[in-house]
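Engineer: Below, each chain spelled out in residue letters.
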Amino acid sequence: MITRVSTSLMQNNLISQISNNQNKLYELQIQALTGKKVNSILDNPVDAAKILSVLEEQGKVESYKTNVNAAQGEYEAMDNALAIVVEKIQRLNELANSAGNEYNTPENLNAIKNEVSSIKQTIIDIANTQYDGRYIFSGTNTGTPTFTMSDDGTVTYGGTPSTGDYKRQVEVSQGTYLTLNAAGDSLFGSYDAATGTGTGIFKTIADLEASLDKAANEDADISSEGFAEIRASITSIQDDLRNITNVRTQYGTYAQKADLSENSLSDTAILLESDRSDLQDVDLYEAYSNLVYQQYALQASMQVSAMTLQQSSLLNYI
Amino acid sequence: MSIISSLNIAKSALNVNQFALTVVSNNIANMNTEGYLKQTVNLEELKGYTPYTSSKGIQIYTGGGVGISDISQYTNQPLFDYLNGQNSIYGDLSAQLGAMNDLADIMNELGDGALSTALTEFYSAAQRLTTNPSDSVLRINYVNAAQTVAEKFNEISNAITTKKNDLVGDINYPASVEQSQAGRLTTSANSIISQIAQINDSITKMSTTDTPPSNLINQRNQLLQELSSIVDFTTSSNTNGTINISIAGVDVVQGAEQVAELNITVGDADNPAKVQIQTLDDPPKVKVSDISDKITGGELKGVLTAASSTAEGLTYQKVLDQINLMAKTFAEAVNEIQTYSDGNTGAMAIGIDADGNQILVPSTEPLFEIPANGEFDASNIKINQAVYDNPNLVAAARVEVDGGGNPIDPRAIGDSNNLKEIIALQNKNLGELGGVTFSTCLKNLVTKVGLEAADLNNQAEAQANVVDQVSTKYYSEGGVNLDEELIDMVKYQRAYEAASRVVSACNEMLQVLVALGK
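If you read the sequences in order, they're chains A and B. Residue numbering for the first sequence follows our numbering, beginning at 1 and increasing consecutively. Residue numbering for the second sequence follows our numbering, beginning at 1 and increasing consecutively.
Partner residues are not named here, just some residues of chain B that face chain A (Cβ under 8 Å, in silico):
(1) 104
(2) 409
(3) 446
DEER-style ranges, computed between Cβ atoms:
(4) A:161 x B:386: 29 to 39 Å
(5) A:318 x B:53: 37 to 47 Å
(6) A:318 x B:58: 39 to 49 Å
(7) B:501 x A:318: 12 to 22 Å
What the simulated footprint calls covered on chain B by chain A, stretch by stretch (three residues with Cβ under 8 Å from a Cβ of chain A suffice, anywhere in the stretch; the number is not a length):
(8) 29-43
(9) 121-131
(10) 472-483
Think of the hints as simulated: they come from the structure by calculation, not from any bench. Small disclaimer: the values here were computed from a predicted structure and weren't measured. Just so it is clear, CB atoms sit at the ideal spot from N, CA and C, and this is done for glycine as well.
Please model the entire structure based on the sequences and the hints provided.
Structural biologist: Set out below in structure tokens:
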């Protein structure tokens, strides 16, 4: 209990009261200006740590989103490429159908062969599609053209074999990966002209070309053997088409997965942002009313000080 | 009995009230002087004999006027000692709080350019690189992100070291110890100690009675209070009005004589500055070689504690050690992945073959340059210049290798298996960090700093209140109250006026007497 108050003490008290109020006002101003109640780890160390966790998660989600978008781009490029290939193989099917007719003249057959060769070239070009500077059907050999064709008609696969673990993958949530690449060898096969061996559409096309040559032969026996081969090749063409369509469907599923991931990542991003906001952002109404209240408090303390300093002294009366 | 004696009494009243007004004037003049305590004039009746024979024939006496017995000043030595003790505790806490707040500013991971942001960016860059591992732009981005992490470590280490050096100096530059905060505190403590000794000396010369001059006491009290915020001490009074001061149990002032002083010297790595107590002899004799454990309060204690590695609590050095550990763990983990090889698989950078095509080549360049002493810490972690100049040296791929460590298929530049290992670091619990992930370790440290600062802040605030209360009590009892002084002023003024009226009354009576004699 203080029974006696010295004047300078009273004045010092007034000063410290005013500066207290000013400090509080300053804090509230910072909160209202930044819109954040936790601006520094000093404001609330525990919440600050939680905010850091949320920020880290947000960073991860951002990365996953970028990855998903990259995957989506690649899937789209792949699907576009495969759509053209399917179209070309269907045309090949039509050509084989019409070439199988024994009334075709050698000139007709020659013209058909030319178109078949051009389709082969187109499929090679499409298989060598680059997306963002990399060959999408080359497995992890992204710098190597998927297929090269030599003058004798050999089609060589330059990518990594589909049998090994040569997946290009991106992470779309912790521990979950999307595979980006389909291996070109399993999609299109290859062909070795020297031995006449090969697989897939390239082998089929090479065989068809040979059959067309046979069918155009002057020798009737050889010619009819050629026509028979042409008709038989339709089965292989359809097998190849089915194979490519299957892969295309499979990657369509991956693309759907990527879309789903994108949606769920967007949802997660919203949740995380709301978590962060709850922890860090200030309620603006509250901040504003606190600010106004604190301004009044400061004003009041100043008025009281002015009154005390000016009027509450005997000096005014003697 | 005579009119003259009345005049003499009135004269004493005039003198005394005039003098009392001087004291009031001095009080008012010093109302804002730091540490000034109000002086009070104590009046007493003078023992004069002005006898008068009463009607009953008895001699009756009246007094001989007014005199000043003494000028008293408020003293409450126990309260003053208590105030100084509390002041020391506050000085210690506020110095530690200042240091911890600086640390919290440095470690403010919520601010711009935080280490955790840099780390998140680094992993994001790694993630992006997985989408196209041979892309040169993404590689540059990855290398830059790694560089930012290294620079962040450098900045934090630098900032903490600078702050620590501000407190106690850099052990490698002995001159900096005296320029440090601890050095400045030592200098001011010494200056205060010698001033107190001088005041003691003046007191022995001026003090002829038992009550020493109050203005000197006021000054000395003010100095003692200043000293208490720097370092805690004990005092004992001597009969001649002087006091002895002892710091860390050793007398530095004995009466009018200063016998010892504080001296700051270079310490060891754990405690870069040591404060000693030594005699003023030439050469000085060291009486206490290190006061840090022997003092319990004051800013000096706080500063020495904050900068010490061995003190309890979270000190600069402990935070720095933790940051160094994180830098080391991070650099080593990343480098290990960057140059990984186990005979079956190996980390691969991108090179150029004879035809100018990009091919995989075994990765040998670490991402972070191995420091000269082989030990990474936060100050020496930096990006390997070779990788910075040629981002193709970043090992994104991890593929099967032949016996010679070369990739079986060097064309697989789209492989990103090595980056997966880098990305996995983000969620990996690391034994070096005590079985937590890197970010958890950082978060824990940040939280610890924040909580420690908050705790110190609470303690310092509470202690400030204690000091305030004690100081309020001390100075409200002893300080100048202007209204009181004004009342005293009027009181003495009126008394002076009344006494002068007595003089003029006596004068009139004397005139009457003179007229009677004509």
